[in-house]
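Protein sequences appear in the order of chains X and U.
Taken in order, the first sequence gives residues 364 to 475; the numbers are from our numbering.
Taken in order, the second sequence gives residues 86 to 200; the numbers are from our numbering.
Don't read these hints as lab results, they were simulated from the structure.
The reader is advised that the hints may include incorrect statements.
As the list claims (entries may be wrong) - Keeping only pairs whose Cα atoms sit at most 20 Å apart, straight-line, the calculated EDC-like set for lysine to aspartate or glutamate is:
{"no.": "1", "chain 1": "X", "residue 1": "Lys431", "chain 2": "U", "residue 2": "Asp187"}
{"no.": "2", "chain 1": "X", "residue 1": "Lys405", "chain 2": "U", "residue 2": "Asp109"}
{"no.": "3", "chain 1": "U", "residue 1": "Lys96", "chain 2": "U", "residue 2": "Glu168"}
{"no.": "4", "chain 1": "X", "residue 1": "Lys431", "chain 2": "U", "residue 2": "Glu168"}
{"no.": "5", "chain 1": "U", "residue 1": "Lys142", "chain 2": "X", "residue 2": "Glu457"}
{"no.": "6", "chain 1": "X", "residue 1": "Lys472", "chain 2": "X", "residue 2": "Glu378"}
{"no.": "7", "chain 1": "X", "residue 1": "Lys405", "chain 2": "U", "residue 2": "Glu168"}
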Amino acid sequence: KQEVTQIPAALSVPEGENLVLNCSFTDSAIYNLQWFRQDPGKGLTSLLLIQSSQREQTSGRLNASLDKSSGRSTLYIAASQPGDSATYLCAVSEGGGNKLTFGTGTQLKVEL
Amino acid sequence: DTGVSQNPRHKITKRGQNVTFRCDPISEHNRLYWYRQTLGQGPEFLTYFQNEAQLEKSRLLSDRFSAERPKGSFSTLEIQRTEQGDSAMYLCASTANSASTDTQYFGPGTRLTVL
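With the rest of the complex left out, here is chain X (with noise of 0.2 Å):
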């Protein structure tokens, strides 16, 4: 059964900083994996896709890496702004219906 963990569960940056967001995964058979950004209450906002295929995918301040053999990846966020305090969630698809596996997430502070 495949397993998704996220280190750290929480963290505390000031404005400005860069800063790297970690996601495990068990089984290495996938077919792709996101991150997304979750706001309190909200639903989920995908950020960035990567393809098994690939290492890795930008989006502006954004910058996912993805290790499949090691399963592993790493979500890179530089100069860090208060906007981007919210929760980060990675998950993988798996399976005929590209169904996701969520990990627990990681709450973002970016601190004035």
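With chain X held as given, fit chain U onto it using these hints.
Quick look at chain U alone, frame taken from chain X:
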């Protein structure tokens, strides 16, 4: 608004009552997913549809739960004889086609509270 929509956004019910939630996916998205999220946890997969066909159900989906997508567009999730343990956020997501690489787009969720 062309995103995934869910109704109602909040539902408070008493234990033992039946509730029904609705999800409208992005137009022409033929895959639709239901997930459940409890406080402090990531979402957990419940079931998914390819057009009107329900192709997979999680062990989490007890016989009190039923989902439909009768015309391959919107979907409903019904919970019968609700229990306090059913209190959670119910999330719906859709994707454009059956390709395994497609992004899943999520709705705002329906928060269920069972008293």
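### Message
Output the indices of the hints that this structure fails to meet, ascending.
### Response
Violated: hints 4 and 7.
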